[in-house]
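A.B. asks: Sequence:
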Amino acid sequence: MVNFEQIKGFVFDLDGVIADTSIYHSKAWRQLAEELGVTWTTELSNNLKGVSRMDSLNLILKAGGKESAYTEEEKEHYATEKNTNYLNLLKDMDASAILPGINDFIEDLKRHDYKLSLASASKNSPLVLEQLGLAKYFEKRVDPATLKHGKPDPEIFARGAEILGLKPEECVGIEDATAGIKSINGASELSIGIGDPKILNEADINFTDTSKLTLENIKQALK
1 MVNFEQIKGF
11 VFDLDGVIAD
21 TSIYHSKAWR
31 QLAEELGVTW
41 TTELSNNLKG
51 VSRMDSLNLI
61 LKAGGKESAY
71 TEEEKEHYAT
81 EKNTNYLNLL
91 KDMDASAILP
101 GINDFIEDLK
111 RHDYKLSLAS
121 ASKNSPLVLE
131 QLGLAKYFEK
141 RVDPATLKHG
151 KPDPEIFARG
161 AEILGLKPEE
171 CVGIEDATAG
181 IKSINGASEL
191 SIGIGDPKIL
201 NEADINFTDT
211 SKLTLENIKQ
221 ALK
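Per full-length UniProt numbering, residue 1 is the first one in the sequence shown, and the count goes up by one each step.
Incorrect hints may have been included.
Stated by the list, open to error - Keeping only pairs whose Cα atoms sit at most 25 Å apart, straight-line, the calculated SDA-like set for lysine to any residue is: (1) K140 <-> P154; (2) K91 <-> D108; (3) K123 <-> P154; (4) K115 <-> R30; (5) K62 <-> A95; (6) K182 <-> K136; (7) K219 <-> R30; (8) K123 <-> K198; (9) K66 <-> R30; (10) K219 <-> P197; (11) K8 <-> A221; (12) K62 <-> K91; (13) K123 <-> A221; (14) K115 <-> E155; (15) K223 <-> T208; (16) K75 <-> L59; (17) K182 <-> T71; (18) K8 <-> E139; (19) K62 <-> H77; (20) K198 <-> D209; (21) K140 <-> E107; (22) K140 <-> L215; (23) K75 <-> L90; (24) K148 <-> I102; (25) K115 <-> E43; (26) K212 <-> K148; (27) K66 <-> L99; (28) K123 <-> R111; (29) K115 <-> T42; (30) K148 <-> L215; (31) K167 <-> K219; (32) K148 <-> S188.
Stated by the list, open to error - Beta-carbon label-pair distances, calculated as ranges: (33) Q220 <-> P100: 31 to 37 Å; (34) T71 <-> I199: 32 to 38 Å; (35) D153 <-> A69: 25 to 31 Å; (36) E74 <-> Q6: 19 to 25 Å; (37) D94 <-> M1: 35 to 41 Å; (38) E72 <-> K123: 14 to 20 Å.
For the record, the hints were derived by calculation from the structure and aren't laboratory data.
Since the model is a prediction, treat every value here as computed from it, not as a measurement.
Ideal Cβ positions, reconstructed from N, Cα and C, are used throughout, including at glycine.
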């Protein structure tokens, strides 16, 4: 594990780390799943965390035994429909959706001259950051449209370090999903999991919620 002094940058996931946008994603995906006749379950909802739009749609179709029921063109149509539903739900989002402690943590990182980037699979992340009032902190963002592989592949977090001009071992990745933790670890960055440690058991460091995400707590966890 790295020394605290080695850390120069933080690569953030968005959903479930910076803000709870997952509730909006879940609502939009559930609307679509029900339209397609697929039973919505908590397990299915959890499996979609941190996964790209098309991969999420394929997981829903698989859950309903409908993997071969639609053409690629039809799938694109449904993925677009979900995104339209999601954007409509997002209109009500503001800074109150920022998770506990995240504002203070980001301010503290900037005070200590750490570099920040965003590694979200969501193509809507620029809009979400604007709605939250946090866009100015995340000028460096991985464009998911440029990626060949989704999480758990390490590509997105490796790119998150690259756009900061840092080596992977100089970066911390922060995630709330198993696929994301695997991505961070695969990129050889220090992984911080936000959530249930039994589920995120591959994370180097675990905090049960964002309010515990502080530089001091990270420092202590690395001792």
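A.B. asks: State for each hint whether it applies.
C.D. replies: To see whether the hints hold, each was checked on the structure:
no. : hint                      : verdict
1   : K140 <-> P154             : holds, 18 Å
2   : K91 <-> D108              : violated, 29 Å
3   : K123 <-> P154             : holds, 18 Å
4   : K115 <-> R30              : violated, 36 Å
5   : K62 <-> A95               : violated, 36 Å
6   : K182 <-> K136             : violated, 28 Å
7   : K219 <-> R30              : violated, 40 Å
8   : K123 <-> K198             : violated, 29 Å
9   : K66 <-> R30               : holds, 16 Å
10  : K219 <-> P197             : holds, 18 Å
11  : K8 <-> A221               : holds, 17 Å
12  : K62 <-> K91               : violated, 30 Å
13  : K123 <-> A221             : violated, 33 Å
14  : K115 <-> E155             : holds, 19 Å
15  : K223 <-> T208             : holds, 19 Å
16  : K75 <-> L59               : holds, 12 Å
17  : K182 <-> T71              : violated, 30 Å
18  : K8 <-> E139               : holds, 16 Å
19  : K62 <-> H77               : holds, 17 Å
20  : K198 <-> D209             : holds, 14 Å
21  : K140 <-> E107             : holds, 16 Å
22  : K140 <-> L215             : holds, 21 Å
23  : K75 <-> L90               : holds, 22 Å
24  : K148 <-> I102             : violated, 30 Å
25  : K115 <-> E43              : violated, 35 Å
26  : K212 <-> K148             : violated, 34 Å
27  : K66 <-> L99               : violated, 36 Å
28  : K123 <-> R111             : violated, 29 Å
29  : K115 <-> T42              : violated, 36 Å
30  : K148 <-> L215             : violated, 33 Å
31  : K167 <-> K219             : holds, 20 Å
32  : K148 <-> S188             : holds, 19 Å
33  : Q220 <-> P100: 31 to 37 Å : violated, 19 Å
34  : T71 <-> I199: 32 to 38 Å  : holds, 35 Å
35  : D153 <-> A69: 25 to 31 Å  : holds, 27 Å
36  : E74 <-> Q6: 19 to 25 Å    : violated, 48 Å
37  : D94 <-> M1: 35 to 41 Å    : holds, 38 Å
38  : E72 <-> K123: 14 to 20 Å  : holds, 18 Å
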